[in-house]
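Chemist: Sequence:
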Amino acid sequence: MHHVTVSIGSNIDREFYVYKALNALDQFFAPLTVSKSYDCVPVGFEGDNFLNLVVGFECSQSVSDLATLLRQIEDESDRVRSGEKFASRTLDLDILTFDDLVGIIDGVELPRGEITENAFVLRPLADIIPNETHPLTTKTYEQLWSEYDKSSQHVTVTDFTWP
Numbered sequence: 411m412h413h414v415t416v417s418i419g420s421n422i423d424r425e426f427y428v429y430k431a432l433n434a435l436d437q438f439f440a441p442l443t444v445s446k447s448y449d450c451v452p453v454g455f456e457g458d459n460f461l462n463l464v465v466g467f468e469c470s471q472s473v474s475d476l477a478t479l480l481r482q483i484e485d486e487s488d489r490v491r492s493g494e495k496f497a498s499r500t501l502d503l504d505i506l507t508f509d510d511l512v513g514i515i516d517g518v519e520l521p522r523g524e525i526t527e528n529a530f531v532l533r534p535l536a537d538i539i540p541n542e543t544h545p546l547t548t549k550t551y552e553q554l555w556s557e558y559d560k561s562s563q564h565v566t567v568t569d570f571t572w573p
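Per my numbering, the very first residue in the sequence shown carries number 411; after that it's consecutive.
No wet-lab data here; the hints were simulated from the structure.
Among the clues, some could well be false.
Stated by the list, open to error - Within a straight-line C-alpha distance of at most 20 Å, the following computed PhoX-like cross-link-like pairs (lysine-lysine) qualify:
id, residue 1, residue 2
1, 446, 560
2, 560, 549
3, 430, 446
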């Protein structure tokens, strides 16, 4: 079994689509470890705030098969792929870590570069695996969060909950 973390984000009917994503992931990978949820200002464009969180789970799928499944969940959640990297979306699911794999695996960057770049990824990741080590920096996710420039991107805990 592989230990995986996946980021979840939405800024269109965000609670509905995040809830839908969690239910879909739970059907395949229960039990899920779910971070707190965060309200986050969009990065790179103007739009409604995102609801972001991270889930961890065990899976037997390959990186490629998991990426395909996540894309299917996005598509079933009315995801429009405009080609723009920074745009509003119903649902965004990204593999952050897959065991301690490093590199481009089946077209997926591991660990995902956004981990160290964006508060909306690092903060919830540090919630669920604070003492695990980032394979490239060799720092724990809690250390990375404590060193992160929190003035660059603001994240606020929300009251969103999922069973």
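Chemist: For every hint, state whether the structure bears it out.
Modeler: Evaluated hints:
1. 446 x 560: holds, 17 Å
2. 560 x 549: Holds, at about 18 Å.
3. 430 x 446: holds, 16 Å
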